[in-house]
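Could you put together the complete structure from these sequences and hints?
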Amino acid sequence: MRPATSSMTSWLAAAAAVMVVSGGLVAAQSAPDGENGRYSMTPIPEGVLRLDTRTGTVSTCTKNGAGWACYAVPDERTALDAEIGRLQAEVERLKAQLAAGPTVSGKIDEALPKSDPLKKAEPKVAEGERKIEIPLPSEQDIDRVMSFLEKAWRRLIDMANRVQKDVSGKI
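Letter by letter, the sequence shown follows residues -27 to -1, 1 to 144 of mature numbering (1 follows the signal peptide of the UniProt record, and there is no 0).
Hints in this document: simulated from the structure, not taken from any laboratory. Be aware that one or more of the hints could be misleading.
What the hints assert, rightly or not - If you anchor each label on the Cβ, the simulated ranges turn out as follows:
hint	residue 1	residue 2	range
1	G58	T30	51 to 57 Å
2	A72	A45	49 to 55 Å
3	A72	G29	50 to 56 Å
4	V21	G58	29 to 35 Å
5	I107	G142	37 to 43 Å
To be verified - Simulated pairs of lysine to any residue, SDA-like, Cα-Cα distance not exceeding 25 Å:
hint	residue 1	residue 2
6	K68	D54
7	K36	A62
8	K138	E123
9	K124	K104
10	K36	P47
Being a predicted model, the structure only gives us computed values, none of them experimental. Even for Gly, the Cβ is constructed at its ideal location relative to N, Cα and C.
Structure (structure tokens):
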């Protein structure tokens, strides 16, 4: 068996749609007779378009060296229904997985410590007067700021000296 090409398949699907819409041979036969009514044949340039009146499948029949061979025209609706079914099954599987509970690996069940040494004290509201008390920085905080400013000042002075030497040509 040889598969149909996509252009041939598209053309055949369009031909089948035109035949059904225009009320061609399918509409002309109201009910198949007992002897030869299961299949409805319509000539096309490549051979014959065959409609199974019981199942609704469409096939293309072509004559080759060994005789006639019929190949089913792919039904896009069947493929779409199969994909919808697959996606619905996947959604149900994922919902069941979520309902089963978290599956995070490496999670620690013990609580974090209550005290954080880096956390600053929050402002307190004094009773009655509704005043906010802001905690002052510690001596260690002031020393860190002063050390940073001293280093920044020294770097600025060193940079200014280098620029002055570059300008005067004493490199």
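For a quick check of understanding: which of the numbered hints are violated here, in increasing order?
1, 2, 3, 5, 7, 9
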